[in-house]
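Q: Sequence:
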Amino acid sequence: MIENLLTLAMLILLQAVLGFDNLLYISIESKRAPKEKQKFVRTLGIGLAVIFRLALLFILVSVIKYFQDPVFHIPFAGIVEGTFNIHSMIVLFGGVFIIYTAIKEIWHMMSIKELGHDLEGDGSGKSAASVVTLIVVMNVIFSFDSILSAMALTDVFWVMALAIVISGVLMVWLSDKVSSFLEKNKMYEVLGLFILFVVGIMLLTEGGHLAHLTLFGEHIVPMSKTTFYFVIFVLVVIDIVQGRYQKKILLIEQRAAEKLKQLNKAGE
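Under numbering that gives the first Met the number 0, the first residue of the sequence shown carries the number 0, and numbering increases by one thereafter.
A few of these clues could be false.
Taking lysine to aspartate or glutamate and the DMTMM-like style, the derived pairs with C-alpha atoms no more than 20 Å apart in a straight line are [claimed, not checked]:
id, residue 1, residue 2
1, 36, 175
2, 36, 257
3, 38, 188
4, 38, 257
5, 176, 35
6, 103, 175
7, 246, 257
8, 34, 238
9, 34, 217
10, 34, 188
11, 247, 257
12, 264, 252
Treat the hints as calculated values from the structure; they're not laboratory data. As the structure is a computational prediction, the values presented were derived from the model and not from experiment.
Sequences are here, hints too, so could you generate the full structure?
A: Structure below.
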């Protein structure tokens, strides 16, 4: 029992570390729902995702070998070559979809007309049902790594299932905190979208590695979590430095304008 409890604590920590990208996606995607339903959407989406994660855990424990069996092969040696299974295809789909979502939202924010609409804060870009569906689907895709990692640590089903439930409860609480932070600090939403873009690249490299994909003779190497978090750290530092630099420039310009105004008054 003590060993199982220690494993449970380790799995909860693992779920928290691996779930950062998922949490960010949920917080950003929930903002597309009507404003009054955003909290409900996050709670329902994560709740349903936990149920599907438990079902996925049961399925993977029972038929894990079928997810690893080759489905089709791309034979163009020297150009594109790879052997795809269900696991690799799901991860690749998740990567493509997240990159598409990040690029679409960044383009959306660059539109002056749409940005003005967004600043009104009606948050009605999508229906609550469509947002919940996307949260559930992407949550399941994100959960593959964490579930497979959990299966490598223990074969006790209740330990893995309890870790998923506890991490789901923590995710509901943290998603509200992250969403509230992004709501109060709009500037960091751009940073969040670029982090989401990096998450998509990470999933693409992971899926390519699982499919033993080669492009022009070069094997696709998965982005490690260490590299991912280092890139995130660099992006955050750049954003902080850029923000402070812009504030300093604005302050200098304001002081220069005030000084020019005073000189004009003195000249009169």
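Q: Straight-line Cα separation of residue 264 and residue 252 no greater than 20 Å?
A: holds, 18 Å
Q: With the threshold set at 20 Å, check whether the alpha-carbon distance from residue 36 to residue 175 stays at or below it.
A: Between residue 36 and residue 175 the Cα gap is close to 12 Å, so the pair holds against 20 Å.
Q: Holds or violated: residue 38 with residue 188, Cα cutoff 20 Å?
A: holds, 18 Å
Q: With the threshold set at 20 Å, check whether the alpha-carbon distance from residue 103 to residue 175 stays at or below it.
A: Violated. Residue 103 to residue 175 sits at ~23 Å, over the 20 Å cutoff.
Q: Tell me if the straight-line CA distance from residue 36 to residue 257 falls inside 20 Å.
A: violated, 46 Å
Q: Within a Cα-Cα threshold of 20 Å, do residue 34 and residue 217 meet the stated pairing?
A: With a Cα-Cα distance of about 46 Å, the restraint between residue 34 and residue 217 is violated, given a limit of 20 Å.
Q: Given the hint that residue 38 pairs with residue 257, test it: the Cα-Cα distance must not exceed 20 Å.
A: Violated: residue 38 and residue 257 sit about 45 Å apart, past 20 Å.
Q: Holds or violated: are the alpha carbons of residue 34 and residue 238 at most 20 Å from each other?
A: violated, 27 Å
Q: Against the 20 Å threshold, does the CA-CA distance of residue 246 and residue 257 hold or violate the hint?
A: holds, 16 Å
Q: Can you confirm whether the C-alpha distance between residue 34 and residue 188 stays at or below 20 Å?
A: holds, 16 Å
Q: Taken at face value, is the distance from the CA of residue 35 to the CA of residue 176 at most 20 Å?
A: Since the Cα atoms of residue 176 and residue 35 sit roughly 16 Å apart, the hinted pair holds (cutoff 20 Å).
Q: Need the status of pair residue 247, residue 257: alpha-carbon distance at most 20 Å?
A: Holds: residue 247 and residue 257 sit about 15 Å apart, inside 20 Å.
The structure fails to meet hints 2, 4, 6, 8, 9 from the earlier list, while all remaining hints are met.
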